Structures are given as C-alpha cells and as structure tokens.
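S.K.: Just so you know, we're using this note's numbering here: the sequence shown kicks off at 34 and counts up by one.
These are computed hints drawn from the structure, not numbers from a lab. As the structure is a computational prediction, the values presented were derived from the model and not from experiment. Don't take each hint at face value.
Label pairs and their computed distance ranges (CB to CB) [what the hints assert, rightly or not]:
| hint | residue 1 | residue 2 | range |
| --- | --- | --- | --- |
| 1 | I37 | V57 | 37 to 45 Å |
| 2 | E72 | A48 | 29 to 37 Å |
| 3 | R41 | L66 | 25 to 33 Å |
| 4 | M34 | R73 | 40 to 48 Å |
| 5 | M34 | E72 | 36 to 44 Å |
Note that the Cβ used here is the ideal one computed from N, Cα and C, for glycine as well.
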Amino acid sequence: MYQIVFKRHAELMKALANPKRLEVVHLLRQGQLAVSEMER
34 MYQIVFKRHA
44 ELMKALANPK
54 RLEVVHLLRQ
64 GQLAVSEMER
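The whole structure should be built from the sequences, with the hints applied where relevant.
M.R.: Here you go:
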C-alpha cells in the first residue's frame with residue numbers, strides 16, 4: 034500500500050529536481066502569469 038504512495042512521491046520529487054522547474058512553481062504560487070512574464 035505505502036509502496037504506491039512512495040513511488041508517486043518519488044516521481045513528483047524527480048520532476049521537481051530541476052532548479053528551473055522549482056522556479057516556475059515558485060512564480061506560479063504567487064498567482065497566474067503569462068509565459069512572457071516568467072521570462073523576465
């Protein structure tokens with residue numbers, strides 16, 4: 034049972050391991066942004 038949960042968490046952490054992806058998540062937590070606004 035927990036193995037499925039751990040696998041999904043590991044997949045999520047792997048997806049967020051890239052610093053640029055973390056930056057995008059951080060920016061989007063502040064509200065909606067257009068791609069052009071994120072490029073700044």
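S.K.: All the hints need checking, so say for each whether the structure fits it.
M.R.: To see whether the hints hold, each was checked on the structure:
1. For I37 and V57, the hinted distance range of 37 to 45 Å is not satisfied, since their beta carbons lie about 27 Å from each other.
2. For the hinted restraint 29 to 37 Å between E72 and A48, the CB-CB distance of approximately 21 Å leaves it violated.
3. Evaluation of the 25 to 33 Å hint for R41 and L66 yields a pass: the beta carbon distance comes to about 27 Å.
4. In this structure the hint that M34 and R73 lie 40 to 48 Å apart at CB holds, the actual value being about 45 Å.
5. Between M34 and E72 the Cβ separation comes to about 43 Å, which falls inside the hinted range of 36 to 44 Å.
Consistency with the previously given hints fails for numbers 1, 2, ordered from lowest to highest.
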